[in-house]
Amino acid sequence: MDNIQIQNTSKVIVAEQLTKTFGHFTAVDNISFEVEKGEIFGFLGANGAGKTTAMRMLCGLSIPTSGKGFVAGFDIYKQPELVKKNIGYMSQKFSLYDDLKVWENIELFGGIYGMKDKEIRLKTDELMHILNFENERNKLVGSLPLGFKQKLAFSVSIFHNPQVVFLDEPTGGVDPITRRQFWELIYDATSKGITVFVTTHYMDEAEYCDRVSIMVDGRIEALDSPKNLKMHFDAKNMDEVFQQLARKAKRVDS
Amino acid sequence: MKNRESIEIKTNSDSPLGARGHSFGLKYLLRKEFKQILRNKFLPKMIFVFPFMVLMVFPWAASYEIKNLNISVVDNDHSTFSQQLTQKIISSNYFKLTDVSPNYNKAIKSIESNQADIILEIPANFEKDLVTQQGAKVMVASNAVNGMKGGIGMTYLMGIITDFNTGILPKLIPSTASNNVTPSIQIDSQYRFNPNLNYRVFMVPALMVMILTLLCGFLPAVSIVFEKELGTMEQINVSPVPKSIFILAKLIPFWLIGFIVISIGFLVAWAVYGLIPAGYFSTIYIFAAIYIFAVSGLGIIISNYAATLQQAMFIVFFFMLIFIMMSGLYTPIDGMPEWGKWIAAFNPLKHFMEVMRAVYLKGSNLFELTKQLYALIGFAVIFNIWAVLSYRKNS
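Protein chains in written order, with the numbering used here: chain L, 1 to 254; chain G, 1 to 395.
Be aware that one or more of the hints could be misleading.
[As the list claims (entries may be wrong)] Some chain G residues flagged as far from chain L (calculated, every beta-carbon gap over 10 Å):
1. Q83
2. F319
3. F367
[Said to hold, decoys possible] EDC-like, lysine to aspartate or glutamate: derived pairs with alpha carbons at most 20 Å apart:
4. G:K243 x G:E33
5. L:K227 x L:D204
6. G:K228 x L:D98
7. L:K101 x L:E134
8. G:K243 x G:E227
9. L:K149 x G:E229
10. L:K11 x L:D75
11. G:K45 x L:D99
12. G:K35 x L:D98
13. L:K37 x L:E207
14. G:K27 x L:E119
15. G:K88 x G:D75
16. L:K123 x L:E134
17. L:K149 x G:E227
18. L:K236 x L:D224
19. L:K139 x G:E33
20. L:K101 x G:E33
21. G:K27 x L:D99
22. G:K35 x L:D99
23. G:K27 x L:D117
24. G:K67 x G:D163
25. G:K35 x L:E136
26. L:K101 x G:E227
27. L:K93 x G:E227
28. G:K243 x L:E81
29. G:K41 x L:D98
30. G:K371 x G:D334
31. L:K93 x G:E229
32. G:K228 x L:D99
33. G:K35 x L:D117
34. G:K41 x L:E119
35. G:K88 x G:D99
Quick caveat, the hints were computed from the structure, so don't treat them as lab data. Every residue gets a Cβ at the ideal spot worked out from N, C-alpha and C, and that includes glycine.
Let the hints inform the model, and build the full structure from the sequences given.
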């Protein structure tokens, strides 16, 4: 790890010509990029552009067909289990246990990442306070409103203090106020040094990212800060940038 | 390059996260499973009601003893003997006389209209033949739409006729009976291990096996696939929890439930049917442990291949049907064609049922059941290796 850090000082995610094919279909086509420590990296693209597949490869859920990837200093191909220890993940589907209480979910996920009971208890108290969840602590997660659930799911995904957290469309289906609060949580996480890798469909959210990559048909068509992208494409906002690029897509939305 | 990797791993295990990861979270996953099972509105009730239902209801309902078969008699003789025979049949309790038809065609009609199950045709000259030729023929025809019922009815009727036969012989030839003894072999049959041929005695031990199969094999399978469908499985897959630990946490609660349920089964068998194994409980528990391990392996294989709950349920249903049909629970293996016997040989249910029946009825011990022991160990090993190989955390 020391060596790696000397070589690429603060690169938390490195993708080199990462490719994934399913039969004849190339879901992710030769993508390369790097993400700096503490960065909020936006991963944009239309449905079916290959965002989720790329993200799943970086999380060690999917084995790349070719190319290399390093996450938190570990090879996603050779050391997926070490990658998993050092990342957090929040999927599109809400994936906490509905039939467990709020604190039980936190205990479970803290526990399986190797945290000690006492540490879990202390951090749970702290988290409940920050989220203003003290009254919900003993409620079943299934009974919470969606906005609560998503905030909780995010907090659980960074509970074990990972180096990177991967968020797959984390704010789908919630109101703008809740989304705003959610992004405040994301900023809090980066202030603790956690790198955030996030896919989204909301272009206002893209504006919140430090850098944004836009995927079209499995390739990365653009990668820069929102400001530079807008300048380059002569666009008023990220939505226009996205429209210009996404129009090129040949794949039909599935 | 090699060097760099080794440094990476070492540095990482020095970090707090790496050092603490060794418990693999089994404790937390077990807590979760037990809470989920107990909190489920349906499952805990089902787990206890189901075995009670199966053990209390099935053995009474599922019996081969058929009473009140409807018989249609075609008496073409109208003699004393023919009436005696008819009387004997009716008084046997197994048959109910629906009608006395004038001819066979009429009787067949009553079978077609489902009023009769079996026809006894007594030919004209029945009595005359009996007396003069010391032998007469009767014809029996049974409705074999329900093959089992037809066959059993036929057997009963033959038994009664044979009985009738031996009863009247001395009357027919009273003078010769004493001095001119016809050499005959008296068959004195004795049913060993189940003297009264009580169906419940061999149904109950076998039913316990069926319950174990469902609880320890198929319930965990459904539970794993359910997590796949919910998406929570992916959250586990992206964590450092090893696949074996996740599965173990799924199985341990059901193993426990299995042992509790089989113990309840012993109690029910004793309290309701007065059944106590002639052999040792320990023999059954040892076999149960191996069996549970085998079927839970099978359950995991199913959960690995099924992507949705619907698929899983269908596969479970498919296997359960084959397992029960080819287990000897209802129809004896010995009566199956050669290919059927082969399928049965690959049915873990069959082997454990043999064990249960042997221990309960014959008091067999471990050494007398080595064939079944090896078979079940074989299933346990193969199923579980297959289960581990087919489980993927990534694709």
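Quick rundown of the hints versus the structure:
no.	hint	result
1	Q83	72 Å, holds
2	F319	28 Å, holds
3	F367	44 Å, holds
4	G:K243 x G:E33	15 Å, holds
5	L:K227 x L:D204	13 Å, holds
6	G:K228 x L:D98	14 Å, holds
7	L:K101 x L:E134	12 Å, holds
8	G:K243 x G:E227	14 Å, holds
9	L:K149 x G:E229	18 Å, holds
10	L:K11 x L:D75	13 Å, holds
11	G:K45 x L:D99	17 Å, holds
12	G:K35 x L:D98	12 Å, holds
13	L:K37 x L:E207	19 Å, holds
14	G:K27 x L:E119	16 Å, holds
15	G:K88 x G:D75	14 Å, holds
16	L:K123 x L:E134	13 Å, holds
17	L:K149 x G:E227	18 Å, holds
18	L:K236 x L:D224	16 Å, holds
19	L:K139 x G:E33	18 Å, holds
20	L:K101 x G:E33	13 Å, holds
21	G:K27 x L:D99	18 Å, holds
22	G:K35 x L:D99	8 Å, holds
23	G:K27 x L:D117	11 Å, holds
24	G:K67 x G:D163	18 Å, holds
25	G:K35 x L:E136	18 Å, holds
26	L:K101 x G:E227	17 Å, holds
27	L:K93 x G:E227	12 Å, holds
28	G:K243 x L:E81	11 Å, holds
29	G:K41 x L:D98	13 Å, holds
30	G:K371 x G:D334	17 Å, holds
31	L:K93 x G:E229	10 Å, holds
32	G:K228 x L:D99	15 Å, holds
33	G:K35 x L:D117	18 Å, holds
34	G:K41 x L:E119	32 Å, violated
35	G:K88 x G:D99	16 Å, holds
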